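K.L.:
Here is what each chain is made of, one letter per residue.
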Amino acid sequence: MDDLQFRRHAYGDPNNQADDFLAHLAENEDDAKFVKDLQAFDHKLTQALNISVPDGLADKLILRQQLSQHQKSKKQTRYLMAMAASVAFIVGVSFSLLRFTPVNLGENSLAHVHHETKALVMEQDIGFNDVNFKLASLEGLSDSKFIQQPGRVFYTSYCDFQGVKSLHLVMADENGNKVTLFIVPVESRIVLEEAFADNQYKGQSFQTADAYMVLVGEPASDLEFVKKEVENTFI
Amino acid sequence: MFDSLRKKKSEPAVLSEMLTKQRRYDSLVRALHTDIFRYAFWLCGDKHVAEDITQETFLRAWRSLDSLNDEKAAKAWLITILRRENARRFERKQFDYSDVEQDLLEDVLSTSHEEDTEQYWLRRQIGKLDIEYREPLLLQLIGGFSGEEIATMLELNRNTVMTRLFRARNQLKDALEAPEVRGQSNG
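Taken in order, these protein sequences are the chains called A and B. Take the first sequence: its position 141, counted from the start at 1, is 187 in this note's numbering, and no numbers get skipped. Take the second sequence: its position 53, counted from the start at 1, is 62 in this note's numbering, and no numbers get skipped.
If you're looking for bench data, these hints aren't it; they were derived computationally from the structure. Owing to the predicted nature of the structure, the values given are computational and were not obtained by experimental measurement. Mixed in with the good hints there might be a few duds.
What the hints assert, rightly or not - To list a few chain A residues with every Cβ distance to chain B over 10 Å, as calculated:
| no. | residue |
| --- | --- |
| 1 | T92 |
| 2 | I97 |
| 3 | V99 |
| 4 | F141 |
| 5 | V149 |
| 6 | S188 |
| 7 | S190 |
Stated by the list, open to error - DSS-like cross-link-like pairs, simulated, lysine-lysine; straight-line CA separation at most 27 Å:
| no. | chain 1 | residue 1 | chain 2 | residue 2 |
| --- | --- | --- | --- | --- |
| 8 | A | K90 | B | K56 |
| 9 | A | K273 | A | K180 |
| 10 | B | K182 | A | K79 |
| 11 | A | K118 | B | K30 |
| 12 | B | K56 | A | K106 |
| 13 | A | K82 | B | K137 |
| 14 | B | K30 | A | K90 |
| 15 | A | K106 | B | K30 |
| 16 | B | K137 | A | K90 |
| 17 | B | K137 | A | K120 |
| 18 | A | K121 | B | K30 |
| 19 | A | K274 | A | K191 |
| 20 | A | K106 | B | K81 |
| 21 | B | K182 | A | K82 |
The C-beta atom is built at its ideal place from N, Cα and C for all residues, glycine as well.
Make the full structure from the sequences, and use the hints.
P.N.:
Structure representation (structure tokens):
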């Protein structure tokens, strides 16, 4: 190892542990002393570089990280909330879209009759004024009313034709057979079926000025009679 | 709706993973924040800036902690992040470098004792070293890296690194041994 190389090594890294460097030191006392000085100098340098670290820096670093972590999770929560909101929105939209699908009056009426079996066993006697009172709260039918009693009314209640609030009445034909009458406000998405039936009931519907009238009764009942009755008493 | 179901099942796993990560981060901070802060300080020459850079460095480290596989490489990894952070600082704002150096020296002086004049003097000289000489020296003395490792980190070849280390020590020694410069600076 020549002198230049030695100096390069010594200055580059005084703590060099390479074999040829150590061997050179073993052979040359002066160089060994020179390297010792350099090592002492390095020690001083290291001392000089060791500036004091601000108090609690480590804690600050951890705190900062946890704050940022906290914010990240808050953002995540916000994201989840947004997702939930969009889902709710979609559900709402599709629900209202569903409400705008056409309503088949006949099918719905039959379904109502099958569903509300208690309506056909009720034996009340309701005056036409009570019926008018209920009619008045139907949208679009506030001006319609019965001008006299349309035979006996056994039962009355509100019902819902896929979002359209309607009136459900149980009346009787001339032979006393119970006939269900639905009074449904005129609505564009309702599809009128003049006559319909299933294996238990038959039905027919007709339109007055403001309302659809749907009659459902057993096959033996005389729907025409009730229809006339209603036409004569309902304006 | 389904989220909450799924969450319930995987929550313990996620939680323990988070805890492990947190523990890794905590030990990383405790073990290395001193070196990182000192390195940052000698890189930028200002304690407040150094603290900022250290904060940014560790925050970035936290975000990509998963990419650190070899714990032994942690220090080199952090220093790489730190150097990038420091470079970014210059992209944002161009400092008047010599002014910053002066500030640093006042700062260091105020924290050192009377009898540490030689150390103060050395610090001043280190601060005055060109960054290209200073940085390899910092990596060697603070980081404890070999010439080979410094070469990789600074993307230089090893001979260049050794030359710069040689010059750094040489300049510092010269400065210390030149009395007229010393007198001037003390006055």
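K.L.:
It remains to establish, for every hint, whether it holds in the given structure.
P.N.:
Hint check:
no. : hint            : verdict
1   : T92             : 5 Å, violated
2   : I97             : 6 Å, violated
3   : V99             : 5 Å, violated
4   : F141            : 16 Å, holds
5   : V149            : 30 Å, holds
6   : S188            : 41 Å, holds
7   : S190            : 44 Å, holds
8   : A:K90 - B:K56   : 21 Å, holds
9   : A:K273 - A:K180 : 20 Å, holds
10  : B:K182 - A:K79  : 16 Å, holds
11  : A:K118 - B:K30  : 15 Å, holds
12  : B:K56 - A:K106  : 15 Å, holds
13  : A:K82 - B:K137  : 25 Å, holds
14  : B:K30 - A:K90   : 38 Å, violated
15  : A:K106 - B:K30  : 18 Å, holds
16  : B:K137 - A:K90  : 17 Å, holds
17  : B:K137 - A:K120 : 46 Å, violated
18  : A:K121 - B:K30  : 20 Å, holds
19  : A:K274 - A:K191 : 15 Å, holds
20  : A:K106 - B:K81  : 24 Å, holds
21  : B:K182 - A:K82  : 14 Å, holds
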